[in-house]
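Engineer: So you can see what is in the structure, the chains are spelled out below.
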Amino acid sequence: MLLREGRSLPAVCFVWQIAMIILFGIFIRYNEESDAHWIEHKTSNNISSNIENDFYFRYPSFQDVHVMIFVGFGFLMTFLKRYSFGAVGFNFLIAGFGLQWALLMQGWFHSLDPMDGKIKIGVESMINADFCVASCLIAYGAVLGKVSPVQLMVMTLFGVTLYAVEEYIILSLIHARDAGGSMVIHTFGAYYGLSISWMLYRPNLDQSKHRIGSVYHSDVFAMIGTLFLWMFWPSFNSAISDHGDGQHRAAINTYLSLAATVLTSIAISSLSQKTGKLDMVHIQNATLAGGVAVGTAAEFMLMPYGSLIVGFCCGIISTLGYIYITPFMEKYLKIHDTCGIHNLHAMPGVIGGIVGAITAAAASKGVYGTEGLANTFDFMGKWKDMMPTQQGGHQAAGLCVALCFGIGGGIIVGCILRLPIWGDAPDNSCFDDDIYWETVKPCWSYFSEGDFLVFQ
Amino acid sequence: MLLREGRSLPAVCFVWQIAMIILFGIFIRYNEESDAHWIEHKTSNNISSNIENDFYFRYPSFQDVHVMIFVGFGFLMTFLKRYSFGAVGFNFLIAGFGLQWALLMQGWFHSLDPMDGKIKIGVESMINADFCVASCLIAYGAVLGKVSPVQLMVMTLFGVTLYAVEEYIILSLIHARDAGGSMVIHTFGAYYGLSISWMLYRPNLDQSKHRIGSVYHSDVFAMIGTLFLWMFWPSFNSAISDHGDGQHRAAINTYLSLAATVLTSIAISSLSQKTGKLDMVHIQNATLAGGVAVGTAAEFMLMPYGSLIVGFCCGIISTLGYIYITPFMEKYLKIHDTCGIHNLHAMPGVIGGIVGAITAAAASKGVYGTEGLANTFDFMGKWKDMMPTQQGGHQAAGLCVALCFGIGGGIIVGCILRLPIWGDAPDNSCFDDDIYWETVKPCWSYFSEGDFLVFQ
Amino acid sequence: MLLREGRSLPAVCFVWQIAMIILFGIFIRYNEESDAHWIEHKTSNNISSNIENDFYFRYPSFQDVHVMIFVGFGFLMTFLKRYSFGAVGFNFLIAGFGLQWALLMQGWFHSLDPMDGKIKIGVESMINADFCVASCLIAYGAVLGKVSPVQLMVMTLFGVTLYAVEEYIILSLIHARDAGGSMVIHTFGAYYGLSISWMLYRPNLDQSKHRIGSVYHSDVFAMIGTLFLWMFWPSFNSAISDHGDGQHRAAINTYLSLAATVLTSIAISSLSQKTGKLDMVHIQNATLAGGVAVGTAAEFMLMPYGSLIVGFCCGIISTLGYIYITPFMEKYLKIHDTCGIHNLHAMPGVIGGIVGAITAAAASKGVYGTEGLANTFDFMGKWKDMMPTQQGGHQAAGLCVALCFGIGGGIIVGCILRLPIWGDAPDNSCFDDDIYWETVKPCWSYFSEGDFLVFQ
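Residue numbers (the numbering used here), protein chains in the order written: chain R, 26 to 481; chain Z, 26 to 481; chain C, 26 to 481.
Please keep in mind that the hints were generated in silico from the structure rather than gathered at the bench.
Check each hint, because a few of them may be wrong.
Identical copies look the same in the list; a pair holds intra-copy or inter-copy alike.
Distance condition first, Cα-Cα at most 20 angstroms in a straight line; then the derived EDC-like pairs of lysine to aspartate or glutamate [what the hints assert, rightly or not]:
| # | residue 1 | residue 2 |
| --- | --- | --- |
| 1 | Lys67 | Asp410 |
| 2 | Lys67 | Glu77 |
| 3 | Lys302 | Asp459 |
| 4 | Lys359 | Asp403 |
| 5 | Lys302 | Asp452 |
| 6 | Lys234 | Glu463 |
Put together the whole structure using the sequences plus the hints.
Structural biologist: Here's what the structure looks like:
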């Protein structure tokens, strides 16, 4: 059968890419800030200078987000001793496809010009497409090493679609705010991935167990991913928030939250071992939880100490998750989570949604100023009479929608991915680049007979 | 003889650096935006705010380009199992020298102040110097592992000189547009390097053949280079394009083109193997071809789908190049191309020139607006009556100039580099850091006797 | 005892982080550009656009500085064959703590709002906190592999405190200028670290000597650190200099100085070996000296050739330092300097201070313009009658203060760190990740019996 004989990946890549070209031809055009008519638009809108083009407000943040998507997520997953190519390579593939599909899906919901039926794109569209892709890469973390690239493409196709719908419901219909995507990106993406991993549970995965784990250098490679995610997270959370104080505040809050997370992650990691030694898995992952959890509230007046508290708690919870919850989920819930996304994205994402709801509900004109309140929460147009307490409720509703879409969507897509047509690896060849890549054996593989090297 | 005894490199470095200091002392000054008189300039030109300083329009892009030059090109070439030091170290050396010489050469042609005979530099000069260096680093890719650092310095000295002349002819005399340098940087640089490699052909290179190839970790290192090039290419193509919509559009077009390239590169890579497995060489290199090919037209109204089409085609052509053309060139044309720059830069560069010519010729006031057309193609001053179709012809002429300079210059410089005074490695010591670096043997080298590890 | 049993690190992390939260709660608030009242502030100050928010002047530079702190310093120190986890991990820990403490300490001295007794933070505060942390990471370089994480935390606590005081004295009381921190950051940080290393001298360190040194891949990892430091140094030196020409000029000067350093470092490295081979240690470190040495004068009218001269000299001095001074200091002065920070930060820092003093003293209205002179040197308020020659004297005084604080502070903190309660590694377990990290043995370790692999 075609799909089994290794020809399905090229077929999917070609057909879907051609479909993208056709759909882009029909639907996608430049928006007024990236179109050559900008000079006329400027004159007619009394814009005094080119520097007012949204490009200059957002492009540096876009580039940081872009680094997070490709180097951050890609290298974070290189920690497995024999799956670094798959980590960084398939991350590259699904992000490359996902961002095109996201421009279309998000465009249909958010940027369709009623005048001509076209989607108008600009720098903010690129950021949003990268955001959307992030949710699929998070999901990839749960199934890393266990699925074929074709399955990943299918997962991304449906993931982006579901994302665009839930994003539209949460941001536009429910009018929740979610600048850094704690709910929309992280909660959705993580539960989507976990549900798929649950559906694809392999009872005999222990045949590949000796390949789950890192070697010295692969852990250092993974730290490249960790650090680029950590450093650029302030850009992630501020990339699409309001010009001026919104972006400024989102960056500060995220910077602080992440700093606090580092200390508590390290503390719990050391406490968890009798010897007091640190575990690289925690340093690589749990240190990022503060960025996830501050996502929704980053642009609110969370206050610097509020950000520290969020980071403090998430470092603890996320590290404890790696120690207790991941093994529990694998053993009792039949959910194998390769990268521990439940600890890094799911729990912190939910916390982020709750923090956002509370912060919104507690907002007041005293703290924000009248105009500031309206601006920050976008109490304009048909929402102009909204109260902060109501907004808190809407935030909570948004979190529920993200959860439902993640779990429900993941179960459905997981069922599709269980069909025996996708060419996934047998149970004894998971976490192994040799299945999908031309490789030279790494030197350490000569030492791992009997696994005396692998298990400490 | 001095040059042979390992003292030529320090001599070249010292003498050339002193020459740079003297020439900078005579010629180079700050321009009005980086000079302390800026505050007066601002007042006399009615500039309302410091944010209008060109620094804020271009500095983020400059830094991205800078990363591409040093980390992007440097790490992309670390894939060889025993030449990572040379890849990243000599890249560092020639870029460090080249950018100084480029500031002078480009300055003489483009930024000489007729009032005082000085070159005035600013952020755009730094970007242009980095661009110029890029062409020499591309050329380095063809001869990687086969030349001495002194030869690289000579190659860079002449390369920068040739670049400045061809750039002046193409951009100023012929009035072609080339924001992302498909012609000026990539076509020129690639053919320059290939011609040099042709002149320096080593019939007995198979004595070093066991060192051509990667190991597991060196391929992951190379992916760092790939990804930073890929991610920051939108900045590369938009760095010196027009403020406002020009930069905005160039970034979007490049972003899209590169995304499409990823899918088709992976598709062809998989198709090329009976097993359907992927080859890291293609992922590392061919995925970048879309950025090269969209360089010239990036600031034009290429349209989003146009960018996708360009990327689609280049991913295919570039990957096929690695599979068929590189071996062909080595066997029949006596051109050994270590990094495959013919597939990554030469062919996509020429395609980029052609795409630029077609897009320019097809431009119309309907699509660009009257002012937009004049702005985008710089139909001002003595070119104010130019028609788009004419511009298309000028673009094509520019491509020819780049080709001629690349091939002609490469042959001449190649002849110079054949002189037996440069201390290059013997045929059995190519691709080996031990010749130029104090090294500790990497562990995998203990396994490669008889090359059973190296060849799959 | 608690501290010895591996529970001191979690205790320190928790207690100090809780202290941070409390202090932030009491003292730290958003400044007017990151507060939701920005919209009202804008109106009342006639600020025409959100783009005038300081965020857009400084955020791209901030992100570059952030990368230098975490990836730059972190990976630069991964060169040791068995201490890469400690290098990048403890760097992460102390930077995460240090930046919080720095926001408080610097805030008390520089940004305390007299109206409400609160510290108001914004993007410039984050940059300054990162700067402050840099001085502690420099100090870490001297003691890398020889101290426990708790000692590092103590060192950072005192280091940040001392930094904030000396910075206040140098910048505010003495009115010296130091945009890139040659004195405030590098001179102080390096002598602080060297003095601590002197106090902690281990006579029997040769028991761990076989672990001092690199392997092939660890040198390539270290180059990641080197290059990100090198590339983003222009952002470092320009991050907090004046809007407009100040930032622009600082970036240009640093760019040029670093380029010159590359050539002379490589020249001296090659000259120092009979074989003419290059040493990776020099390429990784000495190439950065030009960025340090141009720090103070970067925003002055140093002139492009002046920057090249500074870089030229520092490349030579720094490389010679690695060859002659580091071994001398270890043998005769009992100062073991793991990363050679004396060559990379101390000497170039002092040179930078001197260059700054000379450049300031030589400033004239002819070169700067009347307004430019006042702006560049901040001759305003009570300093409005200051002469450039006087300023030169103040710069020199600033350098002395940095030296005194570094050496004096380091001796005192070193004494504290000698207390036998900190759980540092025994002499035969230095430079070894196994003490503090759960590790899998790297494959090359199987070859190092008898150290035949390690010593060349």
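Engineer: Could you run down the list of hints and mark each one as holding or not?
Structural biologist: A quick look at each hint next to the structure:
no., hint, in the structure
1, Lys67 with Asp410, "neither (32 angstroms within a copy, 25 angstroms between copies)"
2, Lys67 with Glu77, "both (9 angstroms within a copy, 16 angstroms between copies)"
3, Lys302 with Asp459, "between (33 angstroms within a copy, 8 angstroms between copies)"
4, Lys359 with Asp403, "neither (42 angstroms within a copy, 63 angstroms between copies)"
5, Lys302 with Asp452, "between (33 angstroms within a copy, 19 angstroms between copies)"
6, Lys234 with Glu463, "between (22 angstroms within a copy, 19 angstroms between copies)"
Hint check: violations occur at hints 1 and 4; the rest are consistent with the structure.
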